[in-house]
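Novice: Please construct the entire structure, taking both the sequences and the accompanying hints into account.
Residue numbers (the numbering used here), protein chains in the order written: chain A, 1 to 367; chain B, 1 to 367.
Among the hints, a few may not be true.
Identical copies carry no separate label here, and so any pair may be met within one copy or between two of them.
Within a straight-line C-alpha distance of at most 27 Å, the following computed DSS-like cross-link-like pairs (lysine-lysine) qualify [stated by the list, open to error]: (1) Lys61 - Lys261; (2) Lys61 - Lys264; (3) Lys138 - Lys47; (4) Lys302 - Lys340; (5) Lys139 - Lys180.
In case anyone wonders, no lab produced these hints; they're calculated from the structure.
As the structure is a prediction and not an experimental result, all values here were calculated from the model.
2 protein chains.
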Amino acid sequence: MTTRRKFLTTAAKSAAAAGGLATIAAPAIAQSSDPIIRWRLVSSFPKNIETLYGCAEVMSKALAASTDNKFQIQVFAAGEVVPGLQAFDAVANNTVQICHSASYYYTGKDTAFAFGAHAPFMLNTRQQAAWAYHGEGKKLLEDFYRGFNVVAFPGGNTTTQMGGWFRKEIKSVEDLKGLKFRISGLGGQVLTRMGAVPQQLGIGDIYPSLERGTIDAAEFNGPADDEKLGLYKVAPHYYYPGFWDGTSMQHFFINSAEWDKLPKHYQAALQSAAALANIDSIARYDVLNPPALRRLVAAGAKLHAFPADVLDSAYDTTMELYEELSAKNPTFKKFYDSQKAFQKDASLWNQVSEFAYDSTIIRELRR
Amino acid sequence: MTTRRKFLTTAAKSAAAAGGLATIAAPAIAQSSDPIIRWRLVSSFPKNIETLYGCAEVMSKALAASTDNKFQIQVFAAGEVVPGLQAFDAVANNTVQICHSASYYYTGKDTAFAFGAHAPFMLNTRQQAAWAYHGEGKKLLEDFYRGFNVVAFPGGNTTTQMGGWFRKEIKSVEDLKGLKFRISGLGGQVLTRMGAVPQQLGIGDIYPSLERGTIDAAEFNGPADDEKLGLYKVAPHYYYPGFWDGTSMQHFFINSAEWDKLPKHYQAALQSAAALANIDSIARYDVLNPPALRRLVAAGAKLHAFPADVLDSAYDTTMELYEELSAKNPTFKKFYDSQKAFQKDASLWNQVSEFAYDSTIIRELRR
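Specialist: Structure below.
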């Protein structure tokens, strides 16, 4: 028993003896003295992308509700405290206690960061969750983030993203040569090797750049979020699948010293609230994306699958890139080997389970 | 402020005045007097099916941890308090406060119960979650279960199940005629219409019945759970997909009077803990099923897809059944219409997102 607890227990006993509290206090009431804790959370996402920004609010509300408002986390949008892409650093250096961000934004620090969110041609949404919650990913990610003084819990997922908006059709891999494409991360590196010219642009600059033809294509997310940018008006060819974003998990990243100071039950409450936010995020996207896709197509978006030669060439290029990055960075290799082995088994299982079921449904709905 | 709270606040103030508690109590400490609550949970599942039984333990542990052990739920396996298939009734009549069960077990009360878990040829795992957490299913299910004095939260999912174990190959829909098949629920009704003879058997009776040839086939779950029954030795033909179990969600069902009596923060903590158990369950199955499938095939299980004529005939039979059940039961119709509309949009989105991504991965891994 800590000194504080012991003191409070003694105080409660005195109060009970003096005021007859015992009739209420025992055995049905536990006296507790939970600290009021107030944290600041920075999101990597702007408020107007409600699905992504909303994950932190869902978590924060669930946490406050389950701690009787004793553990309060105030959510700040990207740019309000630090720029969105500096959220992880703000946590690592304890400017704020917690952030909601995507691991792949930080591949500049270490290419292994990709695997916390997604890597091109790797896991799908359920596989990423399985690997991170119950597979080898759990310990790999824990140890990796701890190296930055950070504790992390999955806290959202955009699910498989689209391949983006193109001004002109892509008929073969040749059409990627010289293509100015707003894309970043490992996907950008793959496309560079295929002859495209990745561009870094803020979200607000995408529409005018496509309109003027300063860029030829841009990827953002899926229909629900893409719809807000209106890109179908200036780049109507909407490609799938986003092979560089087969899933895109976000995390709540927490400063490890702040985490270690929390009462154990606040830690547990935060962990459950993060799980709620994660499952809520996927469900929300799965409810919003289908009607958004319908509206986009009705408004003029032209859906295309990437040609097979683009996918094959992109896959081969990605595997070459992974071999090179593995040779350079043992941490990258450890993550890549783990996800690759998991994917091999999981993909076989998928072919006789959900993929087979989905194929059946698609076939029967078309008949 | 309730009388009890007011009294305790007054008592605390007196204690603070008398013993200098104020230095600790303000502003960093919130005095609270949370009741100790102990509930009993009955599971519909036996302990040796750890994945299914485990959901309740994951929830109960997370809940205890996040309430500093003040809200404790003791988990009982099927049969320890009531038989597994009476779990929902035990909650409805307040024999126990909470259970972990599958809604489709209770289609005998009302055929609409199917949609809380799964219905043949309806939603896949992510679609079921989306519909139940953020879609029309949320309110539909809430209102429906409230009619039985029950509050419910999703709390696990087996994901797409296999089509079961058959002593002989199924080469066409003709081979289903007279087939004695251990299967229940709406799937059993569909197969009856196709000429099969559904059998009700306890889990322990499946193996000897297949061995003796008393039955010709049996379905249970997916590889991880099926492996424990050893059915590949007596009925080696392992079919997919389980078109009657495209997903199989479980719920935590709670007596509504007990729920309404809970402090709000205990309600919130339980809700988050249930979400954690739900996501944990899917991740656990996704980690356990792939290697179990490999082991089963190595041990002699022969994997087969159901022939197209079986699937087509089963689909048509299911749609006829749904029309009849809709005509008889307006509640069934309400649920069915909602899931059918959701499936139509969601399946189109699936074809350009995860299904397209999974197809690409399968193709590239085979090249």
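Novice: Could you run down the list of hints and mark each one as holding or not?
Specialist: For each hint, the structure was consulted:
1. When the C-alpha separation of Lys61 and Lys261 is checked against a cutoff of 27 Å, the pair qualifies both within a copy, at 21 Å, and between copies, at 21 Å.
2. Proximity of Lys61 and Lys264 under a CA criterion of 27 Å is satisfied in both settings, with 19 Å inside one chain copy and 13 Å between copies.
3. Within a single copy, Lys138 and Lys47 get their C-alpha atoms only as close as 30 Å, which misses the 27 Å cut-off; across copies the closest is 25 Å, which meets it.
4. In this assembly of identical chains, Lys302 and Lys340 lie within 27 Å of each other by CA distance solely across copies; the values are 26 Å between and 33 Å within a copy.
5. For a Cα distance limit of 27 Å, the shortest separation of Lys139 from Lys180 qualifies neither inside one copy, at 39 Å, nor across copies, at 46 Å.
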